[in-house]
Amino acid sequence: MAMATRAAYGKALAKLVQENQDVVVLDADLAGSTKTGDAKAVCPQRHFDMGIAEGNMMGVAAGLAASGKIAYASSFAMFAAGRAFEQIRNSICYPNLNVKVCATHAGITVGEDGASHQSVEDLALMRSIPNMKVFQPCDAEETKQIIEGIAKIDGPCYVRLGRASVEDVYDESYLWQPGKGSVLKEGSKVAIVATGMMVQESLKAAKEMEGIEPTVVNISSIKPIDEELIKKLAKEHEVIVTAEEHSVIGGLGSAVAEVLAKEGSGCRLKMIGLNDEFGQSGKPKDLLAYYGLDASSIAKKIQEIDL
Amino acid sequence: MTELEQHALNIRKNILTMVYTAQSGHPGGSLSAADILTSLYFEEMDINKDNVASQDRDRFVLSKGHITPGYYATLCEKGFIPKEELKTFRQLHSPLQGHPNMNYIEAVDMSTGSLGQGISAAVGMALANRLDKNDHRIYFLLGDGESEEGEVWEACMAAGHYKLDNLCGILDYNHLQIDGNIADVVGPEPFPEKFEAFGWHVVEVDGHDFESLAKGFEEARNTKGQPTMIIAHTIKGKGVSFMENNYKWHGSAPNQEQYEAAMKELGGE
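Chains as they are written, first to last, in full-length UniProt numbering: chain S, 1 to 307; chain D, 1 to 269.
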């Protein structure tokens with residue numbers, strides 16, 4: 001089955017808001033797109049539309065959290081993590097308040113809207129704030145578990161969600177744990193460490209490659225990151241390849257590089273992502289291909305590595 | 001001297017001592033707001049040692065988060081901060097951070113400091129009280145210079161839209177900001193028309209007259225279906241002649257001679 005993580009978010013939140021009376025939802029005039037509209041439909045009294053005013057929305061979410069609520073606040077990643085960065089930093093993270101920033105339309109697969117709406121810096125921004133935890137699910141099941149799971153985490157969380165439909169990776173037998181990565185395919189020599197929809201692209205790439213059977217790992221918990229798993233991958237492989245729909249500066253690639261550098265690991269690292277560049281308008285599929293993020297591009301880049 | 005006047009005087013002395021001791025902090029706006037804070041904490045708000053740990057009380061957000069000398073001195077006067085601790089203001093490991101942190105002081109209801117953000121949090125608290133059917137009120141203190149932040153008007157729009165009559169703002173209208181007179185810097189006035197346009201009830205009071213302040217708060221409590229902004233006309237640096245109406249005392253500390261002169265004026269040692 002295929003479903004966008006934002007759609008899975010909408011469903012999970014609509015369930016959660018009915019089950020947990022402490023949950024409140026905020027949106028900034030994008031409830032139809034972020035899918036918080038699903039929660040509004042079943043619980044309008046605990047859904048607050050703040051209008052096109054993301055900074056205020058984050059501050060209001062902080063005030064609700066300071067009153068004992070668990071506030072889920074949504075907008076596009078560009079305007080949540082980008083425009084409201086300082087409100088998230090000062091009003092939410094500094095006082096360590098229980099706000100879950102669930103940002104949709106992350107990355108270039110926003111598509112036709114173009115670079116102004118394609119956040120490829122949000123992981124870098126959110127990862128750098130003390131107290132903030134950063135998660136990016138790859139499919140519907142993982143989204144559901146993350147949305148439910150963060151309600152039980154006391155403190156701020158950032159969840160990065162996508163616009164485009166993605167194939168299922170997991171079924172109900174999967175158990176998401178914050179701080180843990182998930183090995184999807186055991187291989188050798190090369191380990192692809194991917195996040196978000198790059199997980200599906202990496203699994204496809206692994207099938208396309210000739211002569212290489214890479215390990216494929218999903219890192220949905222970007223902060224805290226599974227240091228033990230990354231160290232283990234470094235010991236057992238010659239090259240780690242990170243894959244993310246985000247700038248190679250400050251995102252998953254950087255987080256993995258930090259672990260490898262601290263460990264003094266000799267394992268090589270190749271980062272696949274946006275190379276310090278903006279996106280542009282286009283169909284998601286065409287954009288992924290152009291920026292070298294689709295399965296074929298990933299396979300090609302890995303086969304070019306001198307092993 | 002009335003009880004309120006005595007509290008305000010003690011607060012003013014502690015403001016000067018804290019800023020002098022730390023050689024850092026914001027005396028001008030602390031002094032302009034000293035009577036507002038006194039009126040809030042000693043007359044208007046339902047907050048005391050017995051209910052401070054609960055949500056079952058009125059809450060206050062210092063949106064103009066830099067006037068911690070005034071805020072901490074008020075919380076000290078109320079018994080929420082030990083007097084000894086005032087000496088640690090702005091020093092390493094002190095709970096009395098340069099700008100307030102809600103996790104270090106029980107009576108502090110929101111961490112603030114970045115202008116424009118406290119008002120949004122106050123809106124969130126007012127929404128939460130309404131959801132919880134908690135009749136207690138949410139107060140916040142806004143700077144006139146602070147109103148230059150766009151977020152203030154985003155928050156005003158939301159509070160007006162959601163008809164938050166459990167929310168009461170006080171504008172410390174002292175006319176001065178760091179770079180000079182607010183009218184010269186960028187001109188955020190006129191205030192009453194702006195707040196009214198955003199759906200607020202507006203009351204204008206003398207921010208140094210307890211009777212006037214009390215009347216304003218009473219009118220706010222009796223106003224239904226919309227939030228109230230109390231525009232408090234104040235004097236920056238109020239109480240210390242050489243600090244009054246001088247923007248240079250926004251964020252600078254007195255030297256020994258100035259400190260002694262200021263304390264003498266206030267009738268202190």
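Simulated from the structure, these hints should not be mistaken for laboratory data.
Quick reminder that beta carbons are idealized off the backbone N, C-alpha and C, glycines included.
There's no promise every hint is true.
Cut-off 30 angstroms, straight-line C-alpha distance, at most; resulting in silico cross-link-like pairs (DSS-like, lysine-lysine) [to be verified]:
(1) 13/D x 248/D
(2) 133/D x 15/S
(3) 133/D x 11/S
Short derived list, chain D residues pointing at chain S, Cβ under 10 angstroms [what the hints assert, rightly or not]:
(4) 103
(5) 120
(6) 134
(7) 155
Taking the hints in turn, this is what the structure says about them:
1. 13/D x 248/D: holds, 19 angstroms
2. 133/D x 15/S: holds, 24 angstroms
3. 133/D x 11/S: holds, 28 angstroms
4. 103: holds, 6 angstroms
5. 120: Residue 120/D check passes; min Cβ-Cβ to chain S is 2 angstroms, inside 10 angstroms.
6. 134: holds, 8 angstroms
7. 155: holds, 5 angstroms
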